[in-house]
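So the chains spell out like this:
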Amino acid sequence: MSLDIWMRENPLTYVWIGSYAVAMLVFVIEIAMVRHKRTLTLQQVRLIHQAEEE
Amino acid sequence: MAINWFKYSAPTTFYGLAGKLIPWFAIPAAILFAVGLYIGFAVAPMDAQQGEFYRIIFIHVPASMLSMFLYMVMAGYAALGLIFNTRLSSMMASAVAPTGALFAFISLWTGALWGKPMWGAWWVWDARMTSELILLFLYLGFIALHASIDDPRRADRASALLAIVGSVNVPIIYFSVKWWNTLHQGSTIKFSGTSMHIAMQQAMFTMLAACWLYAIAVTLARVRSIILERERHTKWIAELAEVRS
Amino acid sequence: MKPRQKRFLYIVIAIAAVGIAVGLVLNALKDNVSLYFTPTQVYNKEAPEGRSFRIGGLVEEGSIKREADGLTVNFVITDLHKTLPVVYKGILPDLFKEGKGVVVQGKMEAGGLMRADEVLAKHDENYMPPEAADALKKAETAAAAANSSSAASPSSGTPGAQ
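Chains as they are written, first to last, in the working numbering: chain A, 170 to 223; chain B, 43 to 287; chain C, 506 to 667.
No false leads were slipped in.
Derived SDA-like pairs (lysine to any residue); straight-line CA-CA distance at most 20 Å:
| no. | chain 1 | residue 1 | chain 2 | residue 2 |
| --- | --- | --- | --- | --- |
| 1 | C | 511 | B | 200 |
| 2 | C | 507 | B | 126 |
| 3 | B | 158 | C | 602 |
| 4 | C | 570 | C | 597 |
| 5 | C | 507 | B | 125 |
| 6 | C | 507 | B | 127 |
| 7 | C | 511 | B | 125 |
| 8 | C | 535 | B | 213 |
| 9 | A | 206 | B | 61 |
| 10 | B | 62 | A | 207 |
| 11 | A | 206 | B | 64 |
| 12 | B | 158 | C | 622 |
| 13 | C | 605 | B | 227 |
| 14 | A | 206 | B | 272 |
| 15 | C | 594 | A | 171 |
| 16 | B | 220 | C | 531 |
| 17 | C | 594 | A | 173 |
| 18 | B | 220 | C | 546 |
| 19 | C | 605 | B | 93 |
Chain A regions said to be covered by chain B (calculated; three or more residues, Cβ under 8 Å):
| no. | stretch |
| --- | --- |
| 20 | 180 to 187 |
| 21 | 193 to 200 |
| 22 | 210 to 222 |
For the record, the hints were derived by calculation from the structure and aren't laboratory data. Don't be surprised by glycine CBs; every beta carbon is placed ideally from N, CA and C.
Put together the whole structure using the sequences plus the hints.
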C-alpha cells in the first residue's frame, strides 16, 4: 500500500529505478558474462595448444 | 554477386570478420541509447492519460519487439543448421538465445512495473502476457536442452527442433491482442503507422535501433567464443595471434 | 530427393502440424483465453453462472456513484449495446475514469448486479501530450455540436489520433 503511494508521488524515480536501472543492470551483466567467457575460452584454447606443442 | 557469401559462412573467416564488426555495432548502440534516453526523458512530453509512467514504453516496446524478432532469427539459424548442416548457423542460434531470453525478461519485468500503477496489477494472466512468458521459457528450454547434450552436433539438432516448433508462439504473441479480449492494449506500432506523438516516436525508435545494435554486437562477441571452443582442436585456431601469444 | 531437401520438408511438415494443433487447441479454448466477457455476452447467458469471472467494457458516462464510506463505488459497465451495474469496495487504479476501459472480476448477484473483487483499468494504445488530448477533445465536442443529430463518438478507444 505504501509502495502504491510512493510510486505515484515519485513517478520518474519509480520508472528509472524500476525499469531503466534494471534493464541497464541486465545489459551490464550480459556484457560482463560475454567478456568473462571470452577470456576463459582463450585460456583453455591456449593451454590445449601449448600441451600439443610440447 | 561478387562477394562469396559461403566464404563468410565458414567459421574460419567469420571469426575474424565478427571481431572487426563488433565495435561498429557496440559504439553506435551506446550513443543511440544515450540519445534515446535524452529524447525520452527530456524532450518527449508527458502523456495525457498516463502522466510520467508511460515513459517505461521506451524500453518496454523495444525489448518486447527484440525478444520476438531474435526468436525468429534464432529459429531461422537453427533451421539453416538443420537443413544445410552448416556449423556456423547452429553456433549463431546458440549465440542469439541468451540475448533473446534477457530481452524477454526485460519485457516482462518492465511490463509488470508499468501494469501496477496503470492497470492496478503487476500481472494478469491475459493472452499477451502469458504468451510472452511462454517465449521466455522457450528460450530457457533451448539453452537448457543445448547444454544438457554433450555432443555439440547432436545438441544443435535437438535444440533446433525445439526452436523451430516454438516459433509458432511468436505470431500468437503479436496477434493475441487482436484475437482475444486482453487487458493489454493493442499495438502502438502497426503496419499502417503509429498512434503516438512525434517526440515519443523518435525516442522509441532510437531506443529500438540501439537495442538492435546492442543485440548484434553482443551476439557476435558470444559467437566468437563459441567458435573458439568448438573448433579448438583445429589448425587455424592454433595459428590465431591471440592463441599463440 | 536429396537429404537436405528431405530435412527441409520434415521441418515444414513439423511446423505446419504444430501450428494446426496449436490453432485447434486455442480455438477450442477461445472463451478461456479471452480475459473477460462483454456485457452482451452476459446478457446472452454466455458467461459462467455461480462462479467468479471477469467482465470488460467502458465505464458509462455519469454512472460513477461513491457511497458515504468513501470506499464503495457503484458504476455501470457498457459495451455500447448492453450495460451491467457493478459495485466495488476498494482502491481504484488511476486510469479508472468515466468513458474509459475497465476490466472487473467478480460474481453476479441476484438482480443482475456484479459484486467486484478486483477492478483493473484498461488503457488504449494512443500516446499524446495533454495539450494534444485537449485539442482532440475540443475538436470532438465541436464536431458533435455541429452534427448533433448523429450519435457522438462512442468509444475513447479509437479516436483516429495523431
